[in-house]
Amino acid sequence: MINQMEPAPKDTEYDLYFGPAHPGSGNFGVKLKIDGEIVTSARADPGYLHRGFEKLMEYRTPIQNAVLSDRLCVLEPLNWNLVHAEAVDELMDIDVPERAKYIRVIMAELSRIQSHIIWYGAFSIGTGFDTGFKMAFGYRDYVLDLFELITGGRVYPAGYICPGGVRRDLPNGAMDKILKVLDQMDEMIKLEELENPALDARAKGVGILKVKDAIRLGATGPVLRGSGMKTDVRKEEPYEIYDRLDFEVPVRREGDAYARYIIGIEEMKQSIKIVKQALEELPEGEVIAPKFKKPKVSVKIPEGEVYVRNEVARGEAAVYMVSNGGSTPYRCKIRGPDFLHMIPVLEHLLKGAQIADVPAIYWSLNICPADMDR
Amino acid sequence: MDTKEPKLLDEIKSKFNVEGRIQRERRIWISIDKERLIELCTWLKNQRFEHLSAISVTDWVKEGIFEVTYHLWSYKDKILLTLKTKIDRKKPVIESVTTVWEESAQIHERELHELFGVKFKGNSDLSPLFLEDWHALPPFRKDFDWREYVREEHYDKEDGREVVYYD
Amino acid sequence: MVKRSEKAKTMRKLIKAIWIFNWFNSCGFTELIPLVGSRWDMERFGMIVVGTPRQADVLFIAGYQTLKSIKRAKKIYDQMAEPKVIIALGSCTMTGGMYWDSYNTIKRLDDYLPVTIYIPGCPPRPEAVFEAVEKIFGHVKELK
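Protein chains in written order, with the working numbering: chain A, 1 to 374; chain B, 1 to 167; chain C, 1 to 144.
Simulated from the structure, these hints should not be mistaken for lab results.
Anything over 12 Å on all C-beta distances counts as not near chain B; from chain C, calculated:
#1 V2
#2 K7
#3 K9
#4 K13
#5 L35
#6 R44
#7 M47
#8 P83
#9 L143
Here are some, though not all, of the chain A residues that point toward chain C, as calculated from beta-carbon distances under 7 Å:
#10 P23
#11 N27
#12 L49
#13 H50
#14 R51
#15 K134
Backbone N, C-alpha and C define an ideal beta-carbon position, used for all residues, glycine too.
The whole structure should be built from the sequences, with the hints applied where relevant.
Structure (structure tokens):
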């Protein structure tokens, strides 16, 4: 009988603002035009967190900028600290001591693990899997306690990775504690890999991004690796000591939300491997270059320009710094991975999707609005 | 250092009229006039420089120019090439590269239009991105004294605790 | 029977358990998420997070506000029902914090919305929120 009925009326179009006050979204708004159950077009509305970071950095010396650079993305502060410190090191031609390089890599990889845990938790709660969220944030606190022991702050390390090396050495007993925390991370990953048919149904085949589209729209990092391209800045132009370490780069071909979610879990395993290797090979020595040992607040930066690329948890991050001989940088341009993920890639993926799939697509891109607005 | 970087630089120098230098492994910096920019960009895209990492503008107030830089990465050769062009500060107009790199270039140019005031001819969407109801100069220019602006809008000289921000 | 003013009577309704509307902000909110987790479980005190301002008692403003987002925060505050309380987290709400010279952030939340209690820190630890809620309850008990 239902096949002989008239079809539904035609004027079912309306606008929906999936905005910042919605509990399923972040600090970011998307204007959706919907026809029935299908999204016909999406337009991103950024700017809720714009502070003018690049201009703030022009008025502060490099040591003061090291403290400011953690606040670029609150979910992974140590990785952004590292990009800024590398840019200043290259511009001022400083030799960073070996022990400092190893400690920098250990802290950056621990921060990557912690960021992927947040990604796992947010993706779970976006698709309705509440237990995953509670478990993830329970385990994340072990890593934050470790940060508090080494750097002094749970979330913001107050510029721990600064130009010239790191601020202070690892305290006594830190290495054993790091190994214990890594064992707990292994336990957590075993739990995360258990099968969950509801999550699979919501994430498989949803939000497919093809490789050609991904390169054209500017995607990098796990989003590009989920579509089939094997690329990682740590392997292509190794910085710090990544060329001496042995790790793999996980790649999947399908390009849907489930593939990106699995890559997050695989990357955590690789990060644990990297930290274990770095702890074994940790040499003795100084942790900061002699020029920055007695902290003088203002040092002159020689004239020049430099472009440094790094792999943060969300993709490719870069800093372009220009100096004209003063004590503050003349121009500091920051390129974040989320600027491309949240505006072109999201608008492309949401076209033609169903309303019920919008949270799964949105959270599978691993967004951080602070990095986009700067 | 490989022979890839010098070979690429020599090829570009022979085809186009540019000045270039190799800073270190994997970094080439090239200066070019704005008239031949799109031609060079199209040629580079065919040489597998598919990834546009960033576009940035530097404001040199004393010389009266804006310097626009394009940072390109090649996944095949693993080289980062930077193109630098200069445009006049009083009438900042330049051709858009959306014909070459499409959406990833469009969003960078939209941000620079809002923050510096540079007009990109050929970009289909240059509406404001971050700021709402902004009525002063484009904020990232060097002649916008923003500490003065913040003092006028937000701080009060009469208040005893805020006098320190006025020195 | 003790005679109480109208304001004291409405505020005492808050004492039982407070429901929070989390105006999802900038840096401060990363230390509010562990509050929901299993280490500093806030549900044992009766505090839960709700999805709409019409059902909430408390509005958490956790971090710096830009000119764009303070307008939306004001609209949300107007939609809440009495009795309502605002808790401001972080040093950016007091003096502008790290971004005191930025052209797009506001420097003092008190100029725009009536704040009941400030929690200092950058960002403050999760236990500080419990202490702040206890102080609010103590203040409400003493209202005449």
